[in-house]
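From first to last, the protein sequence lines stand for chains A and B. Using my numbering, the first residue of the first sequence is number 104, and each one after it goes up by one. Using my numbering, the first residue of the second sequence is number 27, and each one after it goes up by one.
These aren't lab readings, by the way, just hints derived from the structure by calculation. The reader is advised that the hints may include incorrect statements.
[What the hints assert, rightly or not] If you want the footprint, here are the derived chain B segments under chain A, 3+ residues with CB under 8 Å:
#1 114–126
#2 541–551
#3 555–568
[Said to hold, decoys possible] Derived, one-sided and incomplete: chain B residues facing chain A with beta-carbon distance under 8 Å:
#4 Glu458
#5 Arg465
#6 Val466
#7 Asn474
#8 Ser478
#9 Thr480
#10 Gly592
Quick reminder that beta carbons are idealized off the backbone N, C-alpha and C, glycines included.
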Amino acid sequence: MTDRILQLIVATIEGINEMREENIPTDNIFDLCLYGDNGVFESMYLVAFLSQLEEGLEDEFGVEVSLVSEKAVSLRVSPFSSVRRLIGFIEGELHLAGATA
Amino acid sequence: MARSKVSIIGGGPAGSVAALTLNKLGHEVTIYERSRFPRYRIGESLLPGTMSILSRLGLQEKIEAQNYIKKPSATFLWGQGQAPWTFSFAAPKVTPWVYGHAIQVKREEFDKLLLDEVKSRGITVIEQANVTEVDVSRTDGVSLTALRNGETLHHESDFVIDAGGAGGPLARQLGVRRYDEFYKNFAIWSYFNLSDPFSGDLKGTTYSITFEDGWVWMIPIKDDLYSVGIVVDRDKAAEVRKLGAEEFYRTTLAKCAGATKLLAGTEMVDEVRIVQDWSYEAERFSAERYFLCGDAACFTDPLFSQGVHLASQSAVCAAAAIDRITQAEDEQEEVHAWYNRTYRAAYEEYHEFLASFYTYASFTEPNSEFWRKRRITESDDERLSRRKWFEKLVDNGQEGTGSTVPNFRDRAATMISIGRHQRATLSDEFSEAELNAARVRWISDLTNRLNSITRLRWTGTKALLKPHYRVAPQTFRLEQREILSNQDGLDMAQYPMDEQTLQVFQELVEEEFGYRALIKRLRSAGRHEISSQLVLRLMEAGLLTGYDKNGDQVVVESRLHFGGVGVEYEV
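Isolated chain A (complex conformation) (with noise of 0.2 Å):
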């Protein structure tokens, strides 16, 4: 499962970085920020990372799943804070929905 989270993740980095000037490094993928101290997304940006991702995973596992929802939020160590922490985020809410690996 992890490894088809993360296939999403760089692919939908990788769809971004055609547009711009200035790449995302995906050399580190699991310690990359996305959002905050040295992210690499302005918070329109994320947003509609968020939203591509969003509709990547139900498109690949075919269930909802928010990366906004209060719980996601809630965190003490926010889920955008690295790829790795977004990646644990989103397995945790596959197997809720009851996802299959």
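Assemble the complex: chain A is given as a structure, and chain B must be docked to it using the hints.
Relative to the frame of chain A, chain B by itself:
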């Protein structure tokens, strides 16, 4: 008689940036500057957008060598009993020319650096030359007369840029300046020997602090020197005459507890200065052979430190416009229309945000006459009758949609809630990271609202492309671009469009669909990263309206930034 392609009146930031841009575009320029540099100026706090322009003009190394104080943010003590809040400039570098900070400068040094750079690039600068007359009546060129050491100078050029500041001779000669009825303020200021009181993430920030008579700015400009200014109602002028400037300044400043706390144990180290005529704009910013830039064109309340940014942005736009007209004379009318629209939109955006912050403070300073007078509650507020943004706000109220006059303060409230510190007073413990939770919550709310849109309605019967212009960020050429519009001319100018994106919106006109479906189609059209931003800008422009599954309109407050900060620069 001297001659050059373009004559520029004034060697401040607007004049210097215009000259540097025109020079980069290959045009011969002469600057006439009234003073001899260095000369004193107020307006010491810059915005990241100015850094971006100067960097692209090749000044990055010279600016870095000056070790100016780095300005990471602006911090506000905006009302009685309110926790401080910080507007951070931090921004991801989506393009090489996006800056996440600005600088604080002594303007006499900064302006001289710019003008010296102009000279070093071979541009003629005639200092101590007072322009007395500008003849713009001819269609084939401009004549300029200046006095220098008792000698009369005549100059012929194809175009003239008035970058002469508030005293801009052409702006005054044309009689196009209109004074603002809303910001009827004046500023009085001096300097204090104060070392930055905070380390950490507050270091270098500009403080703006409300009190009963108005608001105070505190800007660290060098070593242990702070610029401390007060913005008060113009009615206070009589008190200044009675008490004298210094006594008025000292007694008024003493009323601002937030400022006096920071200034405890410090000394005033310079004279007290005053500037009147605090807010104005020209009816038109350019026509035929002339362009007004910077303070010669417009000026408003300095709360957001936008003065030098508007100056440099308008200078780049004017230079690019002149270059374009030179290449394609038949486009003159369209290019002027673009300049006027772009510059006025930038100015109005600040005007609107400022009005929102003033309205907000009228609630957090409830016993203050100054703030009460600046509250916007009525849709027939005559002080704002010339404002497009206000007309739109009033119209929204009538249609029952979006932002309205009664909830106008919410615009500031949203921004304030996102930047609010976790403790009641300024402290070294403040960290920008503590703002992330509120930002993420705001992003979450916005995303949820957008996701709830199951039907998007296009205003009108057609989605079209219409010609517009945009300054290319690296070459500074004014390039023709197409923007999205409907059949009535209602458009969204922030993002250039192409046929593929147009197709998506033509599909939307034919068969209304929801936000998620639109995002998916925009992604297929290659609009990955800005898809949400496009939707929001189109909603803001009135071209799109979103409805949820119950048929209720979904209203979004999508603006966290204004011009010159963030990742979207106009030039």
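Quick rundown of the hints versus the structure:
1. 114–126: holds (count 7)
2. 541–551: holds (count 5)
3. 555–568: Coverage by chain A holds here, the residue count being 6 at a Cβ distance below 8 Å.
4. Glu458: Cβ of Glu458/B sits 7 Å from chain A, so the hint holds.
5. Arg465: With Cβ-Cβ at 6 Å, under 8 Å, it holds.
6. Val466: 5 Å, holds
7. Asn474: It holds, given that the least Cβ distance between Asn474/B and chain A is near 6 Å, below 8 Å.
8. Ser478: 12 Å, violated
9. Thr480: 14 Å, violated
10. Gly592: At about 6 Å, which falls below the 8 Å cut-off, the nearest Cβ of chain A leaves the hint on Gly592/B intact, so it holds.
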